[in-house]
Amino acid sequence: MMISRRSFLIAALALPLTLPTIEQSRAADRVPVVATFSILADFVTVVGGERVAVRSLVGPNGDAHVYSPTPADAKALAQAKVVFVNGLGFEGWLDRLVKASGTKAPIVVATKGIDPLTMEEDGHGHAHSHAKDGDKTVTDPHAWQSVVNAKAYVANIRDGLTAADPAGATVYAANAEAYLKELDALEADVRAAIAKVPADQRRVITSHDAFGYFSDAYAIEFLAPQGVSTESEATAKQVAGLIRQIRKEKIKAVFVETVSDPRLVERIAKETGVKVGGSIYSDALSASNGPAGTYIAMIRQNVALLTAAMAGS
Amino acid sequence: MTLFDLLIGPFAEFEFMRRALIGSLALSIGAAPVGVFLMLRRMSLTGDAMAHAILPGAAIGYLLAGLSLTAMTIGGLLAGLLVAVGAGVVARATSLKEDATLAAFYLISLALGVVIVSAHGSNVDLMRVLFGSVLALDDQALPLIAGISTVTLFVLALILRPLVLECVDPSFIRSVGRAGGVAHLAFMGLVVMNLVAGFHALGTLLAVGMMMLPAAAARLWTNDMTMLFVIATVIGAVSSVAGLLISYHLGYATGPTIILVAGLIYVVSVVFGRAGGLVRDVTPGRHLEA
Numbered sequence: 001m002m003i004s005r006r007s008f009l010i011a012a013l014a015l016p017l018t019l020p021t022i023e024q025s026r027a028a029d030r031v032p033v034v035a036t037f038s039i040l041a042d043f044v045t046v047v048g049g050e051r052v053a054v055r056s057l058v059g060p061n062g063d064a065h066v067y068s069p070t071p072a073d074a075k076a077l078a079q080a081k082v083v084f085v086n087g088l089g090f091e092g093w094l095d096r097l098v099k100a101s102g103t104k105a106p107i108v109v110a111t112k113g114i115d116p117l118t119m120e121e122d123g124h125g126h127a128h129s130h131a132k133d134g135d136k137t138v139t140d141p142h143a144w145q146s147v148v149n150a151k152a153y154v155a156n157i158r159d160g161l162t163a164a165d166p167a168g169a170t171v172y173a174a175n176a177e178a179y180l181k182e183l184d185a186l187e188a189d190v191r192a193a194i195a196k197v198p199a200d201q202r203r204v205i206t207s208h209d210a211f212g213y214f215s216d217a218y219a220i221e222f223l224a225p226q227g228v229s230t231e232s233e234a235t236a237k238q239v240a241g242l243i244r245q246i247r248k249e250k251i252k253a254v255f256v257e258t259v260s261d262p263r264l265v266e267r268i269a270k271e272t273g274v275k276v277g278g279s280i281y282s283d284a285l286s287a288s289n290g291p292a293g294t295y296i297a298m299i300r301q302n303v304a305l306l307t308a309a310m311a312g313s
Numbered sequence: 314m315t316l317f318d319l320l321i322g323p324f325a326e327f328e329f330m331r332r333a334l335i336g337s338l339a340l341s342i343g344a345a346p347v348g349v350f351l352m353l354r355r356m357s358l359t360g361d362a363m364a365h366a367i368l369p370g371a372a373i374g375y376l377l378a379g380l381s382l383t384a385m386t387i388g389g390l391l392a393g394l395l396v397a398v399g400a401g402v403v404a405r406a407t408s409l410k411e412d413a414t415l416a417a418f419y420l421i422s423l424a425l426g427v428v429i430v431s432a433h434g435s436n437v438d439l440m441r442v443l444f445g446s447v448l449a450l451d452d453q454a455l456p457l458i459a460g461i462s463t464v465t466l467f468v469l470a471l472i473l474r475p476l477v478l479e480c481v482d483p484s485f486i487r488s489v490g491r492a493g494g495v496a497h498l499a500f501m502g503l504v505v506m507n508l509v510a511g512f513h514a515l516g517t518l519l520a521v522g523m524m525m526l527p528a529a530a531a532r533l534w535t536n537d538m539t540m541l542f543v544i545a546t547v548i549g550a551v552s553s554v555a556g557l558l559i560s561y562h563l564g565y566a567t568g569p570t571i572i573l574v575a576g577l578i579y580v581v582s583v584v585f586g587r588a589g590g591l592v593r594d595v596t597p598g599r600h601l602e603a
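In the order they appear, the protein sequences are chains A and U. The working numbering numbers the first residue of the first sequence as 1 and each following residue consecutively. The working numbering numbers the first residue of the second sequence as 314 and each following residue consecutively.
Here chain A stands alone, though its shape is the one from the complex (with noise of 0.2 Å):
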């Protein structure tokens, strides 16, 4: 016993400390980037290409709402050129963090000129709206969910990217103008598979609330038994509420997320006889082998995942 929790806790320290030093020394010539969380960090090292060298704080799998930096994550922070994060209150953390590290690094909010939404903090998420005044309503930081926003954050890190490294300002147009491309194909594809879908049975459960974009785009609508964030704890009456309307509205297709607690979910789906539909991709990619190694191929999986339950087969 104490020798399997030794031996396994050496290697758990060992991981955080070895990652940052490979990545550092393989990139010594690279300029050092840092993104606050795995999809983040996927549209930097797309711009970026070779010339950058980049550090997702919040890993793969990882839940950035609740993450509990390292010092590690302020070393990287104090050496990086510039620091690229979501905004819009989606890293919490992140404030203090930076402060404690004495960068100078400039932060680039990747969510600049987007229209962000707003969401009731214990509705059951399909009351996303435009921003406005209202109370009970908090910003929906989970941008990245609609293809057209992503447009927005690969442009914004295209000119973070060039302001902190002048020298590359034509590799890094180059690389965002074909990423781009990419992301309007991918835009169409997810339109053309949800058209498929007949309208009104374009509904779904999550286990939490990080849809807002995704829906308001694509028009399906979403339901979660969390309040916004997976900080949140459920209440009997919301869970009540939601399998109520499971039932009434005879929704077919309930998904669990990477992030967060499943069980609750599956709970929900024993109860009400319908099929978990599998796991989509919120906050986070998976490892790069992964199924949603990379955002475009995170969306493709969602996209698949949710369209295949919400037609019912």
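Worth flagging that the hints you see were computed from the coordinates, not collected in a lab. Fair warning: there could be bad hints in the mix.
A few chain U residues that face chain A, going by a derived Cβ cut-off under 8 Å, partial list only [unchecked claim]: (1) P323; (2) E328; (3) M330; (4) S446; (5) D451; (6) L557; (7) S560; (8) Y565.
Calculated from the model, a selection of chain U residues having no Cβ within reach of chain A, i.e. all distances over 12 Å [claimed, not checked]: (9) R355; (10) D361; (11) L473; (12) R474; (13) V481; (14) G494; (15) A499; (16) V551; (17) V580; (18) V581; (19) V584; (20) G590.
No residue lacks a Cβ here, since even glycine has one placed at the ideal position from N, Cα and C.
Given chain A's structure and the hints, the job is docking chain U onto it.
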């Protein structure tokens, strides 16, 4: 809204409410008597310490086997028992008292748990995974909680005499043999088991609330040992039902609501309790009886 809609309807309509009800009732049947003994032996804070001690075991169980109830339960039990036994052995072998060794052991265990959770920090919110939700009791968690409650009652019945004796006269039980030590270890095992059951239902810290609040409230109503168990269990059960219903009708987070109801009963008992409350009859109550 009729009385039926208010009190029965939620349980009639939803299976998750029935499961939550059974789970929390089973928890109060097992945890409340354990809490009574903890209180009588002046170990009320031990439950809190042990709850922290469980964390690294459950975390290691999760990291090794994923979201497996078995692995997390075994890990939690092992870590809790290791801390309980370790603290007891060191207390008997050295000049340190048990409270000091327990503090030392649980702090080491807690720190270990936090290191493990943080090393894992870039993944899913481990705290959320480790702390179950009373609304999501599955086919594994429910029998586990019920089973632990059953075992608790049987073991308590077996070791009742030495436990009670140790509560009222610790020097006597020490003078007549080793039964006290065995009973103590068995009892600490029960504490750990009930905390493990509690963290599947409510989360670790709230599990301690389910253990201690009914016991403390019951003590303010009676000086009789048997009644103490009955009242504590009833308070636990009432808190469970009321907490679930309040959470259902008003939309408050379920686990904390159950504990808040128990807390409210405790506050009322502090003020009005007949056996030592603030506002009480001037005539003294009877002595504590076994």
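U:L473 and chain A, when compared Cβ to Cβ, separated by more than 12 Å: U:L473 clear of chain A: closest Cβ-Cβ about 32 Å, beyond 12 Å.
Hint U:S560 vs chain A: min CB-CB distance below 8 Å? 4 Å, holds
Verify this label for me: U:V584 is non-interface relative to chain A, using a Cβ-Cβ cutoff of 12 Å. U:V584 clear of chain A: closest Cβ-Cβ about 29 Å, beyond 12 Å.
Taking C-beta pairs only, is U:R355 more than 12 Å away from all of chain A? The claim holds: U:R355 sits with its nearest Cβ about 31 Å from chain A, beyond 12 Å.
Non-interface claim for U:A499, where every Cβ of chain A lies beyond 12 Å: Holds: least Cβ distance 21 Å, greater than 12 Å.
Examine each Cβ of chain A, and state whether all of them lie more than 12 Å from the Cβ of U:G590. At about 32 Å from chain A, U:G590 clears the 12 Å cut-off, so the statement holds.
Quick check on the hint: U:Y565 CB to chain A CB, less than 8 Å? 6 Å, holds
Tell me if U:E328 is really an interface residue toward chain A, meaning its C-beta lies closer than 8 Å to one of theirs. 5 Å, holds
Once the closest CB in chain A is found, is it more than 12 Å from U:R474? Its Cβ never comes within 12 Å of chain A, the nearest being 33 Å, so this holds.
Please verify that the nearest CB of chain A lies beyond 12 Å from U:V580's CB. Non-interface label on U:V580 holds, nearest chain A Cβ at 23 Å vs cutoff 12 Å.
Under 8 Å, Cβ to Cβ, is where U:S446 needs to be relative to chain A, so tell me if that hint holds or is violated. U:S446 check passes; min Cβ-Cβ to chain A is 6 Å, inside 8 Å.
Grab the minimum beta-carbon distance between U:D361 and chain A and tell me whether it stays above 12 Å. 21 Å, holds
When the structure is compared with the earlier hints, no violation turns up for any of them.
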